[in-house]
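Undergrad: Residue numbers (our numbering), protein chains in the order written: chain A, 1022 to 1281; chain B, 5 to 321.
Because the hints were derived from the structure by calculation, they are not lab data.
Where hints are given, some of them may not hold.
Part of the chain A face toward chain B, derived, beta carbon under 10 Å [said to hold, decoys possible]:
1. TYR1034
2. ALA1046
3. ILE1095
4. PRO1099
5. ASP1105
6. GLU1107
7. VAL1115
8. MET1118
9. GLN1154
10. GLN1174
11. VAL1197
12. ALA1220
13. ARG1221
14. GLU1222
Stretch-level coverage of chain B by chain A, calculated; a stretch enters the list once three of its residues show a Cβ under 8 Å from a Cβ in chain A [stated by the list, open to error]:
15. 186-193
16. 210-223
Since the structure is predicted, the reported quantities are computational estimates derived from the model, not experimental observations.
Using N, Cα and C, we set each Cβ at its ideal position, and we do this for glycine too.
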Amino acid sequence: MIALETHDLTVTYRKRPVLYGIDVAIPEGNLIGIVGPNGAGKSTLIKAVMGVVRSTGGWVKVFGKPVKQSLPRIGYVPQRESIDWEFPVTVMDVALMGTYGKLGPFRWVGEAQRRKAREALERVGMLPYAKRQIGNLSGGQQQRVFLARALAQDSDLYLMDEPFAGVDAATESAIVELLKDLRSKGKTVIVVHHDLQSAREYFDMLLLLNMRVVAFGPTAEVFTTELLQKTYGGRLTILSEMAEKAAREGIGKIHPKNEP
Amino acid sequence: MDYLAADFVYVPTKLLVWFGLACFFTALGCSQVGTFLVMRRMSLVGDAISHSVLPGIVIAFLILSKFGKASLDSPWLLIGAGLSGLLATVLIELIHYRSRIKQDAAIGISFTSLFALGVLLLGIYAKKVDLDPDCVIFGQVEYLQGYPRVEWLGMEFPRPLVSFAVVGVTATVIVAVLYRILLVTSFDPSLATSYRYFPALVQLVLMGLTSFVVVSAFQAVGAILVIALLILPGATAYLCANRLPMILLLAGVHALLSSVFGVLLALKLEINTGAAVVLAGGGLFTLAWLFGPVDGVVLRAWRRRAGEGMEPDAVPE
């Protein structure tokens, strides 16, 4: 079954395209990496799927249904920078937030929710820190808390925005194990990733992205010099292709220099 | 205001209790709503709303007096205030999104203009209708004495006190009911979006709540000092606790203590009660800033000396 499908998904920011005509169909039960240069729209893509960023065109389906109906089945791990680490919540509070989706906004948090949050924290090794304020943790620990929150959501599809950013080697391998464990349970995990070297080891499939989909497929097939060149080094090529296409379709000018 | 000095030498206990309760209920509602303003870095928006409600109050008061029903505790004032508070937030967003002006400047433009409009209207019409500019700008709990009384549990209370209590308790209850939604939208809007908590709508509700509590705060401490009741309790509590429920509770305690100390201070120094309440609240904040058990200056210094780096990066894995 297809876990995530987008058709012609387009996001513009101040009239400039950030994502352009994204067409992908991601099969269930895989570990997928989204890679591409800075400003390629990697985070924007998963934000657009979550509805955090409004798309200007196209549609998104999750497990065959419009994304709005499938939101309870999606777990989202935001980028570290987007969190206010001085906010007065403890590690346990954050993990509990993962249970709010199924609980609804007005029912009391009960023992079932607390147990779920504790189990999730246990799995990432953060239970001993349950009472800590989230600012009093290292970067790796903070990342693990947000993974625990996603685990407590008990989702079928996970979208993670750079979970390895600012994380030490030990945490990184612990996270990778966790992701593989999720996959073995039939979950689909989509990860925005920065490092090309490790991308090859970690993921079953890769989505090469630079404003539009350069390639999508099994890592072995997609991880080729030619395609990577096209994604990273060959950036200008892609932009000029786009400009040509836009000119053909009469969409208007695209200014490569102002590209975010 | 001069009647104060003459009057205040023999203030009956009953009056003191009234003033104290009026300040407390006002500060209570403000403290609960204001804590979320502090957490969302929206303190300035709170300031903007608290000033922008003035023209709404004056216009509502003028319309009411046409029908001979003008009174500072009329629910219509709430509606007028709510509308103009909302107008301010709409103006801020309009200026911000429809031009290159950034949000801070947009706030500065909108609320001062609306406040000036309110002051102007007050200046023109205040004498015709019975609305005291001093009372609106500086607040005057002392006017409570002049109102008709209602009886409850064998005791009598001035009518505005009842509406203060209703506003304060209602705001607290609403915050408690919406607690989870307010928490998630404040902490992680993207998670809130995926839970379909509608952050933009929640934002609007919070603005509405702010206008609601601000109107009664207006009468207690006046337009200029309302912002203090919104920000001080939450900010003080934030220095004393690490969890939001505790912070909301401590903010309520701050509201209570600053009202009690404020009323006593006003009595002692024979000054305006509103200013005294805010001063007492500021004093409590200073104490928390210096000796706060979570993030106090003294504690930080002591930790540094003890060699326990509190910078997040320094905490070992």
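Undergrad: Compare the structure with each hint and give your call.
TA: How the hints compare with the structure:
At about 14 Å, the closest approach between the beta carbon of TYR1034 of chain A and any beta carbon in chain B exceeds 10 Å, and the interface hint on this residue is violated. Taking 10 Å as the C-beta contact cut-off toward chain B, the hint placing ALA1046 of chain A at the interface is violated, the least distance being around 21 Å. Contact between ILE1095 of chain A and chain B, as hinted, is supported at the beta carbon level, the nearest pair being about 6 Å apart and thus within 10 Å. Evaluation of the PRO1099 of chain A hint against chain B yields a held restraint, the C-beta minimum of about 5 Å falling below 10 Å.
For ASP1105 of chain A, the shortest C-beta to C-beta distance to chain B is roughly 7 Å, which falls under 10 Å, so the interface hint holds. At a threshold of 10 Å, the smallest CB-CB gap from GLU1107 of chain A to chain B is about 9 Å, leaving the interface hint in force. The beta carbon of VAL1115 of chain A comes within 8 Å of a beta carbon in chain B, closer than 10 Å, and the hint placing it at the interface holds. A distance limit of 10 Å between C-beta atoms decides the matter here; for MET1118 of chain A the minimum to chain B is near 6 Å, and the interface restraint holds.
Taking 10 Å as the C-beta cut-off, the interface hint given for GLN1154 of chain A holds, the closest approach to chain B being about 4 Å. About 9 Å separates the beta-carbon of GLN1174 of chain A from the nearest beta-carbon of chain B, less than 10 Å, and the hint is met. Nearest Cβ of chain B to the Cβ of VAL1197 of chain A: about 17 Å, over the 10 Å cut. The hint is violated. Interface hint at ALA1220 of chain A: violated, since its Cβ lies 24 Å from the closest Cβ of chain B, which is beyond the 10 Å cut-off.
The beta carbon of ARG1221 of chain A comes no nearer than 27 Å to any beta carbon in chain B, farther than 10 Å, and the hint placing it at the interface is violated. A cut of 10 Å between beta carbons decides the hint on GLU1222 of chain A: the least distance to chain B is about 23 Å, and the hint is violated. Closer than 8 Å: that is the beta-carbon criterion, and the region 186-193 of chain B has 6 residues meeting it against chain A, so the requirement of 3 holds. Given as covered by chain A, the region 210-223 of chain B fails the check, having 0 residues with a CB less than 8 Å from a CB of that chain where 3 are the minimum.
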